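Protein chains in written order, with numbering that gives the first Met the number 0: chain A, 0 to 104; chain B, 0 to 161.
Calculated directly from the structure, the hints in this document are not laboratory data. A quick note: this is a predicted structure, and the numbers were derived from the prediction, not measured. Just so it is clear, CB atoms sit at the ideal spot from N, CA and C, and this is done for glycine as well. Careful: at least some of the hints might be erroneous.
Stated by the list, open to error - With a straight-line cut-off of 30 Å between C-alpha atoms, the simulated DSS-like cross-links for lysine-lysine are:
(1) B:Lys130 to A:Lys11
(2) B:Lys130 to A:Lys9
(3) B:Lys91 to B:Lys61
(4) B:Lys59 to B:Lys91
(5) A:Lys19 to B:Lys91
(6) A:Lys9 to B:Lys91
(7) B:Lys130 to B:Lys59
(8) A:Lys82 to B:Lys91
(9) A:Lys9 to A:Lys19
(10) B:Lys130 to A:Lys82
Stated by the list, open to error - Chain A regions said to be covered by chain B (calculated; three or more residues, Cβ under 8 Å):
(11) 83-92
(12) 96-103
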Amino acid sequence: MAALVNVPPKAKRGAVVEIKALMSHIMEPGYRRTAAGELIPRDIITSFTCRLNGAEIFRADLFPAISANPFMSFFTIATESGKFEFEWIGDNGFVANAAANITVE
Amino acid sequence: MKRMANMSDISRRHVLQLAGSAALCGGLPIVTVRPAQATPAMLSSAIRNLVGEATVQQGKVKLDIPPLVENGNTVPMTVSVDHPMTETDYVKSIHVFNEKNPQPNIGNFYLTPRAGRAQVATRIRLADSQKVVAIAKLSDGSFWQTSADVIVTLAACTEEVP
Numbered sequence: 000m001a002a003l004v005n006v007p008p009k010a011k012r013g014a015v016v017e018i019k020a021l022m023s024h025i026m027e028p029g030y031r032r033t034a035a036g037e038l039i040p041r042d043i044i045t046s047f048t049c050r051l052n053g054a055e056i057f058r059a060d061l062f063p064a065i066s067a068n069p070f071m072s073f074f075t076i077a078t079e080s081g082k083f084e085f086e087w088i089g090d091n092g093f094v095a096n097a098a099a100n101i102t103v104e
Numbered sequence: 000m001k002r003m004a005n006m007s008d009i010s011r012r013h014v015l016q017l018a019g020s021a022a023l024c025g026g027l028p029i030v031t032v033r034p035a036q037a038t039p040a041m042l043s044s045a046i047r048n049l050v051g052e053a054t055v056q057q058g059k060v061k062l063d064i065p066p067l068v069e070n071g072n073t074v075p076m077t078v079s080v081d082h083p084m085t086e087t088d089y090v091k092s093i094h095v096f097n098e099k100n101p102q103p104n105i106g107n108f109y110l111t112p113r114a115g116r117a118q119v120a121t122r123i124r125l126a127d128s129q130k131v132v133a134i135a136k137l138s139d140g141s142f143w144q145t146s147a148d149v150i151v152t153l154a155a156c157t158e159e160v161p
């Protein structure tokens, strides 16, 4: 359960910055079978949220068609300094968090 | 005698099965045991669930995805919408669908006016050569779409686990 987030540490006020986030997860789609023919149960991340100082700036619903170790890239306007918080929620009670700071000047 | 006849039946069946799977292997490097696929009908009903009675217009949306992929397990995809992002007029969400995976949804992405740019990128799985559809919902309630055809040589999602 390792997260990799990429946020520019500094940005000019009003600049559009790219945020990238990757979470290590098998994303078992629930359609594969073992050699013995048994269906492998689904185990995926279903939801990803990014907040800046508590306000949601991006959210995604994930389905089995998202690759293992789901990667997301999206944009936001640098309006204020603060903390980006990332949250991944999935099957079987999976919850993971990460955070990164940005300084807007 | 009867027993003999039965055995020859079975072996003929086996031979046919082998021939069948050999033919399948010719096309696909991995033998797939595939459940019912999503169909174009499932795709359109998934889209109908999203847009309701609204008409979906062509344009504005750009779907960047390789036209030919060797491995359907990780297909990079970028969706961008050519539309301003202001407080009153912005892209609310982006939805990606497919035609032939076991289920039609790929992902839903929710944006805010603070996004600055309506663009998301991720990596997806494709179980077969198929059409991928991206739909954007704008703050005025209109829907815009585009689609892309992708040829996949190694299928994802349904392969047998070694």
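Results of checking the hints against the structure:
no.: 1; hint: B:Lys130 to A:Lys11; result: 40 Å, violated
no.: 2; hint: B:Lys130 to A:Lys9; result: 40 Å, violated
no.: 3; hint: B:Lys91 to B:Lys61; result: 16 Å, holds
no.: 4; hint: B:Lys59 to B:Lys91; result: 14 Å, holds
no.: 5; hint: A:Lys19 to B:Lys91; result: 20 Å, holds
no.: 6; hint: A:Lys9 to B:Lys91; result: 27 Å, holds
no.: 7; hint: B:Lys130 to B:Lys59; result: 18 Å, holds
no.: 8; hint: A:Lys82 to B:Lys91; result: 23 Å, holds
no.: 9; hint: A:Lys9 to A:Lys19; result: 15 Å, holds
no.: 10; hint: B:Lys130 to A:Lys82; result: 39 Å, violated
no.: 11; hint: 83-92; result: violated (count 0)
no.: 12; hint: 96-103; result: violated (count 0)
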